[in-house]
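Number of protein chains: 2
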Amino acid sequence: MSTYKAPLADLRFALYDVLGVEKQFAELGYAEASRDIVDAVLDEAARFTEAVLAPLNAIGDQIGCKFDKDTGDVTAPPGFKQAFDQFVEGGWTGLTNAPEFGGQGMPEVLGAALTEMVDAANLAWGNFPMLSHGAIEALNRYGEDWQKEAFLRPLVEGRWTGTMCLTEPHAGTDLGLLKTRAEPNGDGSHSITGTKIFITCGEHDLAPNIVHLVLARLPDAPPGPKGISLFVTPKFKVGKDGAMGERNALRCGSIEHKMGIHGSVTCVMNFDGAQGWLVGEAHKGLQAMFVMMNSARLGVGLQGLGLSERAYQNALHYARERLQTRSLSGPKFPDKPADPIIVHPDVRRMLLSIKSLVEGGRLLSLHAYSQLDAAHHATDAAVREQADTLVGFLTPIAKACQTEWSIENTYNALQCFGGHGYIAEHGMEQLARDARITTLYEGTTGIQSLDLIGRKTAVSQGAGLKLFLGMVDAFVKQHEGDAALAEFVGPLQAKAAEWAQLTTGILQRAAKNPEELGAASTDYLFYSGYVVLAYWWARSVAAANASSQSAAFKQAKLETARFYFARILPRTLAHKAAIEAGAEPLMAMDAERFGD
Amino acid sequence: MSTYKAPLADLRFALYDVLGVEKQFAELGYAEASRDIVDAVLDEAARFTEAVLAPLNAIGDQIGCKFDKDTGDVTAPPGFKQAFDQFVEGGWTGLTNAPEFGGQGMPEVLGAALTEMVDAANLAWGNFPMLSHGAIEALNRYGEDWQKEAFLRPLVEGRWTGTMCLTEPHAGTDLGLLKTRAEPNGDGSHSITGTKIFITCGEHDLAPNIVHLVLARLPDAPPGPKGISLFVTPKFKVGKDGAMGERNALRCGSIEHKMGIHGSVTCVMNFDGAQGWLVGEAHKGLQAMFVMMNSARLGVGLQGLGLSERAYQNALHYARERLQTRSLSGPKFPDKPADPIIVHPDVRRMLLSIKSLVEGGRLLSLHAYSQLDAAHHATDAAVREQADTLVGFLTPIAKACQTEWSIENTYNALQCFGGHGYIAEHGMEQLARDARITTLYEGTTGIQSLDLIGRKTAVSQGAGLKLFLGMVDAFVKQHEGDAALAEFVGPLQAKAAEWAQLTTGILQRAAKNPEELGAASTDYLFYSGYVVLAYWWARSVAAANASSQSAAFKQAKLETARFYFARILPRTLAHKAAIEAGAEPLMAMDAERFGD
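Chains B and S supply the protein sequences, listed in that same order. Read in the UniProt record's numbering, the first sequence has 83 at position 83, and its numbers run on one by one without any break. Read in the UniProt record's numbering, the second sequence has 447 at position 447, and its numbers run on one by one without any break.
With the rest of the complex left out, here is chain B (with noise of 0.2 Å):
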């Protein structure tokens, strides 16, 4: 079975001493947010994870969901409900959520340090508070008062959940080919008729009620994602009163056979005139889900960020206690029988690209999220807008990259355990088998790249990567002759140049090819990725030195973002030639001469 701690200290180093959150938070007015507050929530939430949603992820995987074909129930792995209902008690789900509704109304990039440590104890756990996220947000923005206190507050509150109910059968991406109905009842609510699948947390015995928002077409509604509205339509029909009355028509049809996120359970579920209420305004729907999604995105992210860490943590042990064979310079343990395994350097190099993935991509998810608090609370509406066109711009870039980067770092782990690593009781199988699903839900990675070069790149004239630009530049001028520093900043200012042309070498040629953003995409967004991390680890290292850690902590750094530099950064030189390559070695096959 695969353990977990919580990453205290480097979580630390990220939020004080790298993006110096205790002067963001002041100047943001959360009064709340005092340095003893957040760290009393950081030591809380990695108690809470490491002891009670840790242990629960192996049976969750084992044992899964149940499903009752007769009641169409769902029944969670033992002890989730349990340890939902303490979450709920501890205050947990309404952390990052407004007072007025019941939450603490602490900062986003706290609870983003929360989610880390939530779905890296227990992914498919995780899932039911995240599913709730995201509803908490689209209503938060579009609902009505009575909708926020008849369906926000007890979601706020934990005492019901949420869900976002998308896709069709045949509308996953495409959601303008979506049928699920939506009829006037003559009093304001809506009959709500259709069937929706892939529904995480559709159905489940963790509250007493589940509040969906649901997409469906008006009557009047045009065709194609102009049409789209967005209903909340909970399992138990809630008046404007918020009294929870009867059971809506809407149930669960059947639940998915996964790869993984056993614990997790994924609905079809069906509406048969079940009663909505419209949030927001009619036909507007896809804006409130990209409201939801957002925040669901950056939230995945922070699970493939979680599913690394763990990894990370169960392959060290192994390696530092695995004995088998000898270092090829001599024996460094001479009265062992043999070596441990972490001094052969390819243990090291998959060991080392794990731990320079993980700790870096901690500061890109927290860094997006502490945008987010800026976006929100900055007094500056200037600054609200920049940070809000850099959240968008890094969203893409986060969800897809850490969860890219979780199917490496999982692969990566569970080899150094070679053929334990496949056996299922290590937990490593588990790793790598959850992390699968985190490059396709909320977005495949695919779709996330198509945000990131179309409508964050080329619709919005590089906005956001002018804005990332511009923190490397002025890091860079910062630190122009730190010798500490040179090695680095260098390297980082050339590749952050590079990225700008590479960037406007796809534009113009999409200028007369459309064709070439798509060909251009997925390397670009992990070209993208790296450079960003390159950024976070030059920070990382100057944070560092600047900073009271120990010599040790350091040194660490140093190391690893030499690492990075050396090992890893370079990954830019092939995703630079594939998409300087262009869009014709894509497209010049028929689809026929693809095989038979």
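Hints may be right or wrong, so weigh each one.
A pair counts as met if it fits within one copy or between any two copies, since identical chains are not told apart.
In silico lysine-lysine, DSBU-like type, Cα no more than 30 Å apart, as pairs [unchecked claim]:
1) 336 <-> 226
2) 179 <-> 332
3) 148 <-> 81
4) 69 <-> 554
5) 284 <-> 226
6) 284 <-> 237
7) 554 <-> 332
8) 466 <-> 69
9) 179 <-> 554
10) 5 <-> 466
11) 512 <-> 336
12) 554 <-> 237
13) 477 <-> 81
14) 512 <-> 332
15) 336 <-> 284
16) 466 <-> 332
17) 512 <-> 477
18) 69 <-> 477
19) 336 <-> 69
Simulated from the structure, these hints should not be mistaken for laboratory data.
Use these hints to put chain S onto chain B, whose structure you have.
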């Protein structure tokens, strides 16, 4: 459920048009291997694997092997035994074995084509004959005459199956640590006592007897790897007369719960004074083990290839059928509600990545097997030795690259399905789980990489590389001035020169610091694999042009080659940079500083 159709057209192209096996078979004296016969074998193998094995693939995964704790018996999934009986009746088990022991004496390269189809159709099932193949190789080379009659013949005829019993809990890669003992019985046999783990097909109901080839230590054995001997140790005792007698003192103690290949049983085998017979010389067991192992390594390479081929077929089918969003350059099928996703460049990128690695990889493996045929059957001793050197050099590349690519290929194929790929019913997630074992067993990728840069390069002064570069050189010379090939010949020539230089650089650094070998190993292996495939892609285009294949076939080869050179080969840039960064970034960190 995923489907499978044997890729006969590409197999024939590889064998006849690229490798020119007709000429080779004639030169090596394979009188039976006429084109008619070979074609008939391929057709029949396709029929058998498609109709009998492929439909059992999902069943094997869902039901798995059952272990009876009380008896130690293992029951294979439903249909597995019947399929094995048909395989035996068809004479497939002895296809490439010597006629004097019941085999059909066909070339190994034809056996490889069969194995690819078997593994694509049903990887877990394919392990039963594969393990026998290794045992056959060892007995054929090192067995005494009576052992060949008593053990080899029933294995060749498929009446019994074989295993390799190497690993112990504390001795995986490092077999020198193994503890299993062999005590002489005085009658020429030995009593074998010890516990072996990870024994693929160690116990099952497919055949009445199982022939275990067991590594153990004789009483007078020196410590370490030079004190290991090999013993043939059957489930039911076999005397020198070949008669099957009473149950031997060995049994399966438990079976492993694994991420995948559920239909292939992985046993803990307890030997409790079991009767075994020494195979080959005392204390020279590792030599014999390597004969089994090399056969198994090339075989595992084919497993990777087979999985990748099947993954491709299913992803391609889905990409042509699934309608979702419109092409960025405007609707391609305006009469349909959306375009099939194969119009999107990023979906094409994934499909072409798989296609180019599969078709190129097929040549990598089949060529290695054709050199195995030459190593065994060439009339000229120098040719035999060269071929043997080349097989040795190509084996770690074929094993590790094909299996690593199978991870990538099953990843990309699943990704084409979006969320549907994560659901068991489509069968794509099984392919990904099954693929995950291939980079672990019969030596992890790290071990293959060390074998390549160490024994197969540094120790042998690059003999294998020189032979391969000689092939490249001959091809380049042959096609100098061929305008149709110029786009490939130039880059191939440059990469080959770079490969030679890179190798020299590593060996020079390693002369000062042996850790440089390990530090370069895995990146060097991938680098080598990509250059090898560049050679095969260039040769594929040349061979297609010179063949009587259809214009569409030639065009597809040309376009896939272009994709490979534009989009895959640039990965060498990243691997080269990582190699040239040297050992320092890997070795600097003290084991303590990796984390808590």
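Hints and how they fare:
1. In this assembly of identical chains, the alpha carbons of residue 336 and residue 226 lie at most 30 Å apart only when taken from different copies (19 Å versus 69 Å within one copy).
2. Within a single copy, residue 179 and residue 332 get their C-alpha atoms only as close as 66 Å, which misses the 30 Å cut-off; across copies the closest is 23 Å, which meets it.
3. In this homomeric assembly, residue 148 and residue 81 come within 30 Å of each other (Cα to Cα) only inside a single copy, at 25 Å, whereas the closest approach across copies is 62 Å.
4. Taking the shortest alpha-carbon separations for residue 69 and residue 554, neither the intra-copy value of 57 Å nor the inter-copy value of 53 Å comes in at or below 30 Å.
5. Within a single copy, residue 284 and residue 226 get their C-alpha atoms as close as 7 Å, which meets the 30 Å cut-off; across copies the closest is 75 Å, which misses it.
6. Taking the shortest alpha-carbon separations for residue 284 and residue 237, only the intra-copy value of 24 Å comes in at or below 30 Å, while the best inter-copy value is 77 Å.
7. In this assembly of identical chains, the alpha carbons of residue 554 and residue 332 lie at most 30 Å apart only when taken from the same copy (25 Å versus 56 Å across copies).
8. Taking the shortest alpha-carbon separations for residue 466 and residue 69, neither the intra-copy value of 54 Å nor the inter-copy value of 65 Å comes in at or below 30 Å.
9. Taking the shortest Cα distances, residue 179 and residue 554 never come within 30 Å of each other, neither inside one copy (56 Å) nor across copies (44 Å).
10. For a Cα distance limit of 30 Å, the shortest separation of residue 5 from residue 466 qualifies neither inside one copy, at 38 Å, nor across copies, at 50 Å.
11. Only between protomers do residue 512 and residue 336 lie at most 30 Å apart by alpha-carbon distance; the minimum there is 26 Å, versus 65 Å within a single protomer.
12. Taking identical chains as interchangeable, the C-alpha atoms of residue 554 and residue 237 are never at most 30 Å apart, the minima being 56 Å within one chain and 63 Å between chains.
13. When the C-alpha separation of residue 477 and residue 81 is checked against a cutoff of 30 Å, the pair qualifies neither within a copy, at 52 Å, nor between copies, at 71 Å.
14. For a Cα distance limit of 30 Å, the shortest separation of residue 512 from residue 332 across copies, 18 Å, qualifies, whereas the shortest one inside one copy, 60 Å, does not.
15. Taking the shortest Cα distances, residue 336 and residue 284 sit within 30 Å of each other only across copies (25 Å), while inside one copy they are farther apart (68 Å).
16. For the identical chains of this complex, residue 466 and residue 332 are neighbours neither inside a copy (49 Å) nor across copies (35 Å), given an alpha-carbon limit of 30 Å.
17. With identical chains, the CA atoms of residue 512 and residue 477 are never at most 30 Å apart, being 36 Å at best within one copy and 39 Å at best between copies.
18. With identical chains, the CA atoms of residue 69 and residue 477 are never at most 30 Å apart, being 64 Å at best within one copy and 69 Å at best between copies.
19. Taking the shortest Cα distances, residue 336 and residue 69 never come within 30 Å of each other, neither inside one copy (57 Å) nor across copies (36 Å).
In summary, the numbered hints that this structure violates are 4, 8, 9, 10, 12, 13, 16, 17, 18, 19.
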